[in-house]
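**Q** Spelled out, the chains give:
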Amino acid sequence: MKRMEPKEAPPQFFLRFFRWYCDPKVLGYIEGDLMEVYERRLKTLGKKKADWRFILDVTMLFRPGIIRKAGSSKNLNPYSMYKSYFKIGWRNLIRNKGYSFINIGGLAMGMAVAMLIGLWIYDELNFNTYHKNYNRIARVMRTLHVNGETVSTTTLPNALGDELRTKYGNQFQQVVMAALAGDHILSASGETTLSLRGEFVESAAPEMFTLNMLQGSWSGLNDPHSILISQSAAKALFGDDNPMGKLLKIDNSDRMDVKVAGVYEDLPYNTDFHDMKFYAPFDLLFSANAWVQNVSFTNDFLNIYVAIADHTTFESASTQIKDAILNNVRENKGYVDVNPQLVLHPMKDWHLRSEWKNGVMAGGATQIVWLFGIVGAFVLLLACINFMNLSTARSEKRAREVGIRKAVGSARQQLMNQFFTESFLTVGLAFVVALVAVSTSLNWFNHLANKQIEMPWMNTYFWLASFVFILFTGLLAGSYPALYLSSFNAVKVLKGSIRVGKLASLPRKVLVVTQFTVSVTLIIGTIMVYQQIQFAKNRPVGYSRDGLLMIQMTTPDFHGKQDVLFTELKNTGAVLEMAESSSPPTAIWSENGGFDWSGKDPAYAPQFATLTVTAEYGKTIGWQFVKGRDFSENIASDSAGFVINEATAKLLGFENPVGETLRWQGGWRSKFTSFTIIGVIKDMVVKSPYAPPVPSVFFLSKYGTNWFNIRINPQTSVGEALPKIKAVFKKLIPSAPFDYKFADQEYALKFAAEERVGKLAFVFAVLAILISCLGLSGLASFVAEQRTKEIGIRKVIGASVFSLWKMLSKDFVFLMIIACLIAIPTSYYLLAAWLENYDYRAEISWWIFAVTFVLSLVITVLTVSWQALKAAMMNPVNSLRSE
Amino acid sequence: MKKYQLGEFEEVVILTIGILNNEAYSVSIKDEIESRLSRSVSMGALHTALRRLEDKGYLKSFAGEATEERAGRPKRYFEITALGKKAMVYSKATRDELWKAIPKTVLQINLGR
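Sequences listed follow chains A and B, in order.
All residue numbers for the first sequence refer to the UniProt record's numbering, where the first residue is 1 and numbers rise by one.
All residue numbers for the second sequence refer to the UniProt record's numbering, where the first residue is 1 and numbers rise by one.
These are computed hints drawn from the structure, not numbers from a lab.
Keep in mind that the hints are not guaranteed to be accurate.
[To be verified] Once the Cα atoms are required to be at most 27 Å apart in a straight line, the calculated DSS-like pairs of lysine-lysine come out as: (1) B:K85 to A:K69; (2) B:K60 to A:K25; (3) A:K810 to A:K509; (4) A:K682 to A:K750; (5) A:K451 to A:K537; (6) A:K702 to A:K619; (7) A:K69 to B:K60; (8) B:K104 to B:K56; (9) A:K246 to A:K730; (10) A:K650 to A:K687; (11) A:K537 to A:K750; (12) B:K56 to A:K25; (13) A:K25 to B:K85; (14) A:K600 to A:K682; (15) A:K561 to A:K730.
[Unchecked claim] Short, incomplete list of chain A residues facing chain B, as computed with Cβ under 7 Å: (16) G28; (17) I30; (18) E31; (19) D33; (20) E36; (21) E39; (22) M60; (23) L61; (24) G65; (25) I66; (26) K69; (27) Y604.
Where is the CB? At the ideal position from N, CA and C, for every residue including glycine.
Based on the provided sequences and hints, a complete structural model is requested.
**A** Set out below in structure tokens:
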């Protein structure tokens, strides 16, 4: 066929216009006619006239018989084409097994992490939403001004409930007083005795908290001698018997006999009340305990929950009630001075913003939610970067394929479809793998994160979010090959005159740097979290935790049996010492002000932890004395003696505190009592191990003690000692279940939150590094493959394996160093901000950065070397022969 | 109702196809009409007429060879169908009848002038 000279062609615009409008059925014939006539006219009339006639012809053809019908050319069945896209896509995956594995595996890992974190965040954000009135329930809080600080507490006086109901009733739908949430002993007609967590509440509580009643009704607590128990409690107490109407005794008190009036479904784990196994009537507590009956604005011991009325908001209700206590205590100067203000803490903030500072909500779990949200987003980003890097790198190899496809008639749209199909295929497969991974690892994750999350198979939002994510990643990763490669000129590609790589590798390098910056930051963060935990763990505790058993005196039956218990326990040989105390060694249950001493600034009113102990306490838990001596039963004056800790000593400011006098006007004391300091002990870590030590005073009293502390004889093992101790307790106090706690376990719980963060951060960091390494290894092998020929030639000329390895690794190491240079200052800044939260904190030392730097460098070199060495060791004969 | 519909231009086209006999494709038809009747035929008008005739069933077409001057596009040859022939005969017959019905004097007077 003769090639048409350009000057012979009819006006292209009109020809295209004709092709566009003409009915495809007759297009070929008429176009042929047009060309034939045009050719002839060209010879007889010249180009100009021929062109004009051509234009005229085209215009005259633009009429109903010739113009195609709308949509007539789109009636092809595209199914076979889609089938082809999938088939080709699948074959591509199968052919490059290594890359497909890295690609799908890496992306699936990232997706799984993001999914787990997403589920976790969803769970956190849905905390307490089990209660149907979630949006209207609040807890009443009181803020007090003490020593220039504003502290917030949920403990309220028992007169407040009625006050809110009568004077501010229009603000609230329900007001519920609740008291003594804690472990109580439930015994079913003397047979089964269990220690269960429960609360005494007013009868509107079940309705307010919308308990899901399986038996009985919300009104069950109207009778003061009734109780509502959870399904699990019913099962534990009565087995398979119908619990309704069964009799129970609370705390073995003869005045607290109750009848089961209802069974409710256990509250889910993501509610604040999830461990409440029973609700007993407040009126029962009222009738059974004299101290409750003293209704006043100074008898503080209960919590008040309210459901606000429809027409009001938490803010306006808060403003209304803020002076409800103050208005009733105006005659008492001490109360007016601390300025008690009431404020509502909405249920939706109970979990996420549980911390109060200076009378306002100041975060809490929100920070962790944000932290992990960001980490999850970053891990996902890493995986996406990998995915894009690898797909774009791979797609360059397919430039030739694009050329051939175009040559045999593939439209650009079809090529785009092809590439997008492949990208979606990979993302889809990764999603399936991620789903499997998440559903199998969810148990483990729940254990780690202290959650009870289930797979949201039926949740629309979950699927919607997944769909959006697949769409987004698929489009993003597929866009480079789909949009860029499909635009190649077939001839140029087949001739090999298009060089992709130089420019295309720059964004890839940026992505690798981003990836490593995130990984390095995560490594540094993880090391620092562990460092901080370790630092706090190494903090001197001030007493000995090993073999220290703590038993709470939950029923009155314990009291008055101490001496017998002690003798019996000592006789077993398993117990070394035993003492009583008001608080367990791992907590502070009472703090008081009202202290005075010579040289005190009159405006200064410090709070001390006030801890009642018996004389053997120091010996039992292993106090370490700095100055002075321990309490002694034989010295009568010790009943007016204080043992203080170093923090108190520092606060008092005496040069030698032993022998000095402290005057104390405690809550129930009307006038000052003088105490002589007899000893100073090392600070004990009682509250948070990250907090500064609490100034404490210890004094002797046989009353007001709540705990037995038992030191197990170090010569006997705990396993041997426990049954012996249990036997003694069962013999002497048969009515109480033998519930014990180990001091070391309780102490370890103080680290639980940070350790959880540490473990999660560790897992995410490892995954992030793994994902990055996968990507790096894929890229390295790709680069090596691209340079196969070059390596072969270099080898023939005489390059050593070492120099080739250096050449291939150099680029990646360089990127790694850049990433470290970005990550180190970033993480330093972030960690310094994080450590600000802790009073007792580790220093950020330079070695963390050095170790991380070396570690990342080693990981990079190892990952890259694997591929680089493989390429460098290859026989040049093979690499040069291959085409 | 007319039995066969054949417009004036359509009749010219179908007659020309008859003249060309097996050599009738659009450009040759156009050339033939232009040379015999000295009137210019636009491509648009011709193709529309051809399509309409084909739709009516008076013509059938088949693809021919592709030639160089047609830039590789095939020709499309036309052939008169039996129905088309009937329509032509019918058309001629009605004209003839009309001719016969004209009084001789009318034509004579006109000729006499």
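**Q** Would you mind marking each hint as holding or not holding in the structure?
**A** Hints, verified against the model:
1. B:K85 to A:K69: Not satisfied, since the Cα-Cα distance of roughly 30 Å exceeds 27 Å.
2. B:K60 to A:K25: OK: B:K60 and A:K25 at ~14 Å, within 27 Å.
3. A:K810 to A:K509: Judged against 27 Å, a Cα distance of about 13 Å means the pair holds.
4. A:K682 to A:K750: 20 Å, holds
5. A:K451 to A:K537: With Cα atoms ~25 Å apart, A:K451 and A:K537 stay inside 27 Å; holds.
6. A:K702 to A:K619: The given pair, whose Cα atoms are some 17 Å apart, holds under the 27 Å limit.
7. A:K69 to B:K60: With a Cα-Cα distance of about 21 Å, the restraint between A:K69 and B:K60 holds, given a limit of 27 Å.
8. B:K104 to B:K56: Roughly 37 Å separates the two Cα atoms, so the pair is violated.
9. A:K246 to A:K730: The hint holds at about 25 Å.
10. A:K650 to A:K687: Roughly 19 Å between the alpha carbons, so the hint for A:K650 and A:K687 holds.
11. A:K537 to A:K750: 10 Å, holds
12. B:K56 to A:K25: 17 Å, holds
13. A:K25 to B:K85: 26 Å, holds
14. A:K600 to A:K682: Roughly 23 Å separates the two Cα atoms, so the pair holds.
15. A:K561 to A:K730: 13 Å, holds
16. G28: Since the shortest Cβ distance to chain B is 5 Å, the answer is holds.
17. I30: 6 Å, holds
18. E31: At 5 Å from the nearest chain B Cβ, A:E31 passes the 7 Å test, so the hint holds.
19. D33: Since the shortest Cβ distance to chain B is 5 Å, the answer is holds.
20. E36: 5 Å, holds
21. E39: With Cβ-Cβ at 5 Å, under 7 Å, it holds.
22. M60: 3 Å, holds
23. L61: 4 Å, holds
24. G65: 4 Å, holds
25. I66: 6 Å, holds
26. K69: 13 Å, violated
27. Y604: Since the shortest Cβ distance to chain B is 104 Å, the answer is violated.
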